[in-house]
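K.L.:
In case you want the letters, here they are:
2 protein chains.
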Amino acid sequence: MADIQESKESLQESLQQVITLLNKHRLVEDLVHKQDMPKQELVQTLVHKQNLAELQKRLDSLHPADVAYILEALPLEQRLDVWDLVKAERDGEILLEVSDAVRQTLIADMDSDELLAAAEQLDTDELADLAPDLPKDVLQELLESLDSRNRERLQSALSYPDDAVGALMDFDIVTIREDIALDVALRYLRRIGSLPDHTDKLFVVDRHDVLRGVLPLKRLVVNDLDSEVTDVMADDAVVFHPEDTADEAAKAFERYDLVTAPVVDENNRLVGRLTVDTVMDYIREEAESDMLSMAGLREEEDIFASVWKSVQNRWTWLAINLVTAFVASRVIGLFEGSIEKVVALAALMPIVAGIGGNSGNQTTTMIVRGLALGQISGHNTKSLLIKETGVGLLNGLVWGSVLGVIAYFLYDNVALGMVMTAAMTLNLLLAAVMGVMIPTVMSTRFNRDPAVGSSVLITAVTDSGGFFIFLGLATIFLL
Amino acid sequence: MADIQESKESLQESLQQVITLLNKHRLVEDLVHKQDMPKQELVQTLVHKQNLAELQKRLDSLHPADVAYILEALPLEQRLDVWDLVKAERDGEILLEVSDAVRQTLIADMDSDELLAAAEQLDTDELADLAPDLPKDVLQELLESLDSRNRERLQSALSYPDDAVGALMDFDIVTIREDIALDVALRYLRRIGSLPDHTDKLFVVDRHDVLRGVLPLKRLVVNDLDSEVTDVMADDAVVFHPEDTADEAAKAFERYDLVTAPVVDENNRLVGRLTVDTVMDYIREEAESDMLSMAGLREEEDIFASVWKSVQNRWTWLAINLVTAFVASRVIGLFEGSIEKVVALAALMPIVAGIGGNSGNQTTTMIVRGLALGQISGHNTKSLLIKETGVGLLNGLVWGSVLGVIAYFLYDNVALGMVMTAAMTLNLLLAAVMGVMIPTVMSTRFNRDPAVGSSVLITAVTDSGGFFIFLGLATIFLL
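In the order they appear, the protein sequences are chains A and B.
Residue numbering for the first sequence follows full-length UniProt numbering, beginning at 1 and increasing consecutively.
Residue numbering for the second sequence follows full-length UniProt numbering, beginning at 1 and increasing consecutively.
Pulled out of the complex, with its shape left as it was, chain A reads as follows (with noise of 0.2 Å):
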């Protein structure tokens, strides 16, 4: 047995052992670099041969997505020293459990022919995730290598969206008639003598492979042998089709509990299969995608890139976010004249603009998990605003009152106290409802992904509204 807490403990002990035994190589080399000696040198080359085959060794008896956390957790350099030792044959399917980021790395070191070499040990469907990470000569080349029914697979899958259940299906499948007996269908599974990964139903076609039904194989086991596979499968299985979107389908699944579902085309004939350890994948990495670009980072950056890469990376969401900070100075600019009269009030100013953020942030947070889970239409943004300036309203005279007393200690003006309080209040009635508004906007009106730099936008709001409520009513009232 596979003890999962040894399994954790061996993979952070794997990669230690593989840092150590890079370390030692590295040493070796340079040694051999500095001292020039011959008599030395065939001993450090001994040595040297010696560690590479113990960190080999090591790398061999690794799960492929164990390398790939490996890989993933060295900077470039040791990276690519051990995708070096990687066995050719194993490149194919390490390079699909790597995140996109780190493959576009090991890509980057790989020559065509050895590109070729590890794409010709994937399944089409294996094929289509790593195609478009392929220099466009390798791709063509791969291309002529398959046979028509393959190529064709390949292309169509390349046809659609990252995002749709046409570029995430597999061809995996295994089919059978409906007018079969139960004792014919565990004949035919015998003599095909094994059955794909994630194989939990087998798919009822008829002769022009329209799909009739599925046929679990915990109801294959437990039906009298001699009924028809027509009377023992489910007919009512939820399907998809390749241009479904991958959001739809990870909610389905998650919904329905599915762990294999058919994909049909317009004329319900099978074209492929959708599987529980994809749609996985698909979850955690738009649950990340989410928690990056809300901070204004696009989808995926290697911990380890370089630094230009992710300079580029970051560098739209500063600009904007330079852009707002500028307006927000433009306002604060406007207000000169007061503040060089009360210059407790630029003191006081960021206290109003930062707690408008921080409130603002958290009903955006909420909103764009509402959205994404579907609970957010038309229908209910209006007891939703309610809701939140109910909240922005309650905060705002509790802590507003707070800070407006700790204003007039601090500065022994009463006057200025309710201009906090004041500034405080409607501030956080201002998060509320662009807090709301802005991703629900954002969704349903340009129909773009809420998370992506809401966050940045509503700061924007409530910093220079923060500015410019709290210096106005002070110009106001103090002057």
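Please keep in mind that the hints were generated in silico from the structure rather than gathered at the bench.
Values in this document were obtained by computation on a predicted structure and should not be read as measured data.
Ideal Cβ placement from N, Cα and C applies to all residues, glycine included.
It cannot be assumed that every hint is accurate.
Here are the simulated PhoX-like cross-link-like pairs (lysine-lysine), alpha carbons at most 20 Å apart as the crow flies [unchecked claim]: (1) Lys24(A) <-> Lys49(A); (2) Lys341(A) <-> Lys341(B); (3) Lys309(A) <-> Lys382(B); (4) Lys24(A) <-> Lys57(A); (5) Lys382(A) <-> Lys309(B).
Only part of the chain B face toward chain A is listed, based on derived beta-carbon distances under 7 Å [as the list claims (entries may be wrong)]: (6) Ile19; (7) Leu130; (8) Pro132; (9) Val259; (10) Ala287; (11) Leu292; (12) Ala328; (13) Ile332; (14) Glu336; (15) Glu340; (16) Val343; (17) Gln375.
Computed Cβ-Cβ distance ranges for the label pairs, DEER-style [stated by the list, open to error]: (18) Lys136(B) <-> Ile192(A): 54 to 60 Å; (19) Glu243(B) <-> Ser377(A): 39 to 45 Å; (20) Arg445(A) <-> Ser306(B): 48 to 54 Å.
We have chain A already, so just place chain B on it with the hints.
P.N.:
Coordinates of chain B only, in the frame set by chain A:
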């Protein structure tokens, strides 16, 4: 076949229909209240009843997960109206499907008898999910109503923390002995007549319930009928222990593409199983909770929770934010003399703080993700620090220069421009260092979830730090 596109449309449609019927129902009720004429009453009661009957029929036709979706998308009052219409014998399964926050609102609306009746429809592992939300007296009565085996199971499941395998596992296990032939096994299964959901493998145990291996159904159906279980079973299956964390289990399910896996005690005796649907729910919930907690929200908030509940959910981090904003304000207070002399400082300082906060949040988000994926540990913190300070330095020099030039043009002051550039660069370096350190130290030193509030903390540092650096440099070089 249940077409997924249709099913999604019909789900939205169902929600709309339910809302329309609910509104009609309210309208009639209002009329009955207002016009107390006996004749009209009769007619209205009839219309009323028709509406309710139609609504009830609609609800009865829906999958429990779909009813749960509708309940979650309705404000509290309407939600309880619908809940009253759901058939009592479906209460249990629907309570399992709704989110924790919504479940609490539904349970609060039920009396002890209704709760007991709902609980009695559930399996022990399902009861374990529900139990923490039940009133104490109901839970006590429930425990007494169970037989000793199930009571033990329930108590043991409740003894594990929410995020342990022991709390997630179920008891729907089908076991066989290793020394029987496959055709005997098949005959045994046919006698059982049906297998639990998600059964993709049988668990092979000896007569002391010690796990010997697993027999995937897909091996059972392709191998010779006279081979023995022991020859066909897999003896290297991934196994879990009840005290393993759900997080490790989820990673193992993703890594090794599992559908179900055995859970064993310290003596390797089979105590339950873990299924992919539970793991997928856990992954979804974890991802959401990470996203929420980065914004300083507690685990879960029903989007239609009362204002008061929402205020409670959010106040901790708002209060922390208040303290950090107050500190930042006091930092500015130190430099009030400088601001009085050069009022432009008040307008420019939020830019330095704001960009620092944005950039720090990008770094922190990357690191939180890397920590969650297990890619970051002691050995690579240093290279991450080097990389992130590189990004910070480059961004600081580029954007700092842009802002320096703008500040120069706005205020016609070369020194002010240079202070701006220097302050931006230093604050982005601070953001980079703290953006790496805050989540890493929280996770490795204090063993805390780095997602919780790290966004609030990094913003606090870049605000106070930004103000201090900018105003400090200005005081030294401009006055």
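K.L.:
Restraint: Glu336(B) near chain A, CB-CB cut 7 Å. Satisfied or not?
P.N.:
holds, 5 Å
K.L.:
Does the nearest C-beta of chain A fall within a distance shorter than 7 Å of the C-beta of Val259(B)?
P.N.:
Holds - the Cβ of Val259(B) comes within 7 Å of chain A, reaching about 6 Å at its closest.
K.L.:
Does the CB of Gln375(B) sit less than 7 Å away from some CB of chain A?
P.N.:
holds, 5 Å
K.L.:
Using Cβ atoms only, decide whether Ile19(B) comes closer than 7 Å to chain A, and label the hint accordingly.
P.N.:
holds, 6 Å
K.L.:
Run the distance test for Lys24(A) versus Lys57(A): straight-line Cα separation, threshold 20 Å.
P.N.:
holds, 16 Å
K.L.:
Is the hinted range of 48 to 54 Å satisfied by the C-beta distance from Arg445(A) to Ser306(B)?
P.N.:
violated, 29 Å
K.L.:
Hint says 54 to 60 Å; check whether the CB-CB distance for Lys136(B) and Ile192(A) agrees.
P.N.:
holds, 56 Å
K.L.:
Assess, step by step, whether the Cα of Lys341(A) is no farther than 20 Å from the Cα of Lys341(B), and give holds or violated.
P.N.:
holds, 11 Å
K.L.:
Tell me if the interface restraint on Leu130(B) is satisfied: Cβ within less than 7 Å of some Cβ in chain A.
P.N.:
Status violated, d = 18 Å.
K.L.:
Assess, step by step, whether the Cα of Lys382(A) is no farther than 20 Å from the Cα of Lys309(B), and give holds or violated.
P.N.:
Roughly 19 Å between the alpha carbons, so the hint for Lys382(A) and Lys309(B) holds.
K.L.:
At a threshold of 7 Å, is the proposed contact between Ile332(B) and chain A supported by beta-carbon distances?
P.N.:
holds, 4 Å
K.L.:
Minimum Cβ distance from Ala328(B) to chain A below 7 Å?
P.N.:
Hint holds; Ala328(B) Cβ to chain A Cβ min 6 Å, cut 7 Å.
Comparing the model with each numbered hint stated earlier shows that hints 7, 8 and 20 do not hold.
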